[in-house]
Amino acid sequence: GQQLNQSPQSMFIQEGEDVSMNCTSSSIFNTWLWYKQDPGEGPVLLIALYKAGELTSNGRLTAQFGITRKDSFLNISASIPSDVGIYFCAGQRAGGGADGLTFGKGTHLIIQP
Amino acid sequence: EAQVTQNPRYLITVTGKKLTVTCSQNMNHEYMSWYRQDPGLGLRQIYYSMNVEVTDKGDVPEGYKVSRKEKRNFPLILESPSPNQTSLYFCASSFGGPGDTQYFGPGTRLTVL
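Residue numbers (the numbering used here), protein chains in the order written: chain D, 1 to 113; chain U, 114 to 226.
Simulated from the structure, these hints should not be mistaken for laboratory data.
Be aware that one or more of the hints could be misleading.
To spell it out: a stretch of chain U is covered by chain D in this simulated footprint if at least three of its residues, at any positions, have a beta carbon under 8 Å from a beta carbon of chain D; those stretches are [to be verified]: (1) 121-127; (2) 156-164.
Over 10 Å on every C-beta distance to chain D, these chain U residues come out as not near it, computed from the model [claimed, not checked]: (3) THR133; (4) SER137; (5) ASP172; (6) LYS178; (7) SER180; (8) ARG181; (9) LYS182; (10) ARG185; (11) ILE190; (12) GLU192; (13) SER193; (14) SER195; (15) ASN197; (16) GLN215; (17) LEU226.
So, partial list: chain U residues that the calculated Cβ filter (under 10 Å) puts toward chain D [said to hold, decoys possible]: (18) TYR216; (19) PHE217; (20) PRO219.
Even for Gly, the Cβ is constructed at its ideal location relative to N, Cα and C.
If we strip away everything but chain D, and leave its shape as in the complex, we get (with noise of 0.2 Å):
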């Protein structure tokens, strides 16, 4: 199935530092979506996007759907503890109809206080 791939892997850092996680793919598409999921819960929308080079916040989340349409990014300003978890990119594939949601292998942010 589709890939994308999302970097980094893993993030420590320091309570207030800014973060910052990217997702890419050889395809383009439709709507990127950014979730996130705390342990034992399931994913939880933080930001979509639906139209290149679109940027939307969301408090200290900004994300951008790149121009390419192949691209996104996240960044979290000012990093809190509540920060801590996985971060998933999801894309919906370009081509029309009913086409599902792939979604990058995660981000885990842990900060250490």
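Here the structure of chain D is known, so what remains is to put chain U in place on it, guided by the hints.
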């Protein structure tokens, strides 16, 4: 309360013994989907459904069946489970499609011996 429920939450079974994991949503969502989550592989889509009696394969459908006889329910069926289907399974639903906000269930941890 708007939610997606899955049952059972935990299941240990043996190879070849048919099982069904139920999924139900109370939000009148049209789109429902099943994912499996494995370490190092992230979330992979098994099957999805755009509406009643409309189902499509995701990235890893082999060994699984689904049905969508009612809008609210989307059971996942393993006719003859094998150890490689040991995984954490999530059901999700959204109003309009995979690009809309998907609400995930709490997960079902399945072990096949």
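Comparing the hints with the structure gives:
For the stretch 121-127 of chain U, the stated coverage by chain D is violated: 0 residues have a C-beta nearer than 8 Å to a C-beta of that chain, whereas at least 3 were required. Here the stretch 156-164 of chain U counts 5 residues with a CB under 8 Å from a CB of chain D, which clears the bar of 3, and the coverage holds. At roughly 19 Å from the closest C-beta of chain D, the C-beta of THR133/U stays outside 10 Å, upholding its exclusion from the interface. Here SER137/U stays apart from chain D, with its beta-carbon at least about 14 Å from theirs, past the 10 Å limit.
With a minimum CB-CB distance of about 3 Å to chain D, ASP172/U fails to clear the 10 Å threshold, and the non-interface call is violated. No Cβ of chain D comes within 10 Å of the Cβ of LYS178/U; the nearest lies about 16 Å off, and the non-interface call holds. Even its closest Cβ contact with chain D, about 17 Å, leaves SER180/U beyond 10 Å, as expected for a residue assigned away from the interface. Chain D leaves ARG181/U outside its interface by the beta-carbon criterion, the shortest separation being 13 Å against a cut-off of 10 Å.
Its beta-carbon lying about 18 Å from the closest one in chain D, LYS182/U satisfies the requirement of being farther than 10 Å from that chain. The beta carbon of ARG185/U is kept farther than 10 Å from every beta carbon of chain D, the shortest such distance being approximately 18 Å. In this structure ILE190/U is separated from chain D by more than 10 Å, as the shortest Cβ-Cβ distance comes to about 18 Å. With a least CB separation of 22 Å from chain D, GLU192/U remains clear of the 10 Å interface cut-off, as annotated.
Annotated as non-interface, SER193/U keeps its C-beta farther than 10 Å from every C-beta of chain D; the closest such distance is 22 Å. No Cβ of chain D approaches the Cβ of SER195/U within 10 Å, the least distance being about 19 Å, so the stated non-interface status holds. Against chain D, the non-interface label of ASN197/U holds: every CB pair exceeds 10 Å, the least being about 16 Å. With a cut of 10 Å on Cβ distances, GLN215/U falls inside the contact zone with chain D, its closest approach being about 6 Å.
Here LEU226/U stays apart from chain D, with its beta-carbon at least about 23 Å from theirs, past the 10 Å limit. With 10 Å as the threshold, the beta carbon of TYR216/U comes within range of chain D, its nearest partner Cβ sitting at about 8 Å, so the hint holds. The criterion of a C-beta within 10 Å of any C-beta in chain D is met by PHE217/U, whose closest approach is roughly 3 Å, and the hint holds. Taking 10 Å as the C-beta contact cut-off toward chain D, the hint placing PRO219/U at the interface holds, the least distance being around 6 Å.
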